[in-house]
Amino acid sequence: DTAVSQTPKYLVTQMGNDKSIKCEQNLGHDTMYWYKQDSKKFLKIMFSYNNKELIINETVPNRFSPKSPDKAHLNLHINSLELGDSAVYFCASSQGSGAVYEQYFGPGTRLTVT
Amino acid sequence: AQSVTQLGSHVSVSEGALVLLRCNYSSSVPPYLFWYVQYPNQGLQLLLKYTTGATLVKGINGFEAEFKKSETSFHLTKPSAHMSDAAEYFCAVSDPSSASKIIFGSGTRLSIRP
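First to last, the protein sequences are chains H and X. Here the working numbering is used: the first residue of the first sequence is 1249, the next is one more, and so on. Here the working numbering is used: the first residue of the second sequence is 2, the next is one more, and so on.
Read the hints as simulated data drawn from the structure, not as lab findings. Where a beta carbon is used, it is the ideal one built from N, C-alpha and C, also for glycine. Do not take every clue at face value.
Simulated restraints on C-beta separations [stated by the list, open to error]: (1) H:K1257 to X:V30: 37 to 45 Å; (2) H:N1310 to X:S81: 23 to 31 Å; (3) X:S98 to H:T1362: 41 to 49 Å; (4) H:R1311 to X:L19: 45 to 53 Å; (5) H:Q1343 to X:S29: 20 to 28 Å; (6) H:V1308 to X:L57: 22 to 30 Å.
Construct the complete structure from the given sequences, taking the supplied hints into account.
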């Protein structure tokens, strides 16, 4: 049973396109996250939702828009894709919104913008 | 502001040798500290965490880390390396009062020589 799943696993697209990445967790967690990992493996948080409410919104271009239709899902929509958006995007979830809670990561979505 | 510094982007040890991955942090408040492991083409998995209490923390797969406040360090060790330990390791810090925001280090790639 997959705890945190992401689709698609790979995404290759051209500059200027709009794309979405979907994330689902079956752990019953209240909090979900999106992280970006660049080519140097540097991992940075982008957004976090708790019970469908946005609680962390880092300095991210407004071309990136997260949407949480329910506690189990957190999708990431990206408009007008740029070369610099190429990265691996990880979804994660945790039982609560406090820093003490372990975060469970999905397998990642490798986005390549050409 | 919090930050994490991992000394050595790549560490190579022989199978059966001691593993030591170094992590120093900067935080204005007593932090929560974490080590995550990332196997190739996978998401991150929590190895261990320090929140409060005992400063020597034991994790999965035989790893442990010691919180040393005077040295602002949280080094990861394992007495005897196994081939399956080859992976990327991330140290991370969090402010206990924050809403789940974790700051990751730049990662250390661990290679195991036969």
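### Task
With respect to the beta-carbon atoms only, verify the hint that Q1343 of chain H and S29 of chain X lie 20 to 28 Å apart.
Once the Cβ atoms are compared, 27 Å apart, the range 20 to 28 Å for S29 of chain X and Q1343 of chain H holds.
### Outcome for the supplied range 23 to 31 Å, where the beta carbon pair is N1310 of chain H and S81 of chain X
Hint violated: Cβ distance 50 Å, outside 23 to 31 Å.
#### Entry: CB-CB spacing for V30 of chain X and K1257 of chain H relative to the 37 to 45 Å hint
holds (38 Å)
#### Entry: Satisfaction of the hinted span 45 to 53 Å by the C-beta atoms belonging to R1311 of chain H and L19 of chain X
holds (46 Å)
### Task
For the range 22 to 30 Å, tell me whether the beta carbons of V1308 of chain H and L57 of chain X fit it or not.
violated (37 Å)
### Query
Do S98 of chain X and T1362 of chain H keep their Cβ atoms within the hinted range of 41 to 49 Å?
Because 42 Å falls inside the window, the suggested range holds.
In terms of the numbered hints stated before, the structure departs from hints 2 and 6, listed from lowest to highest.
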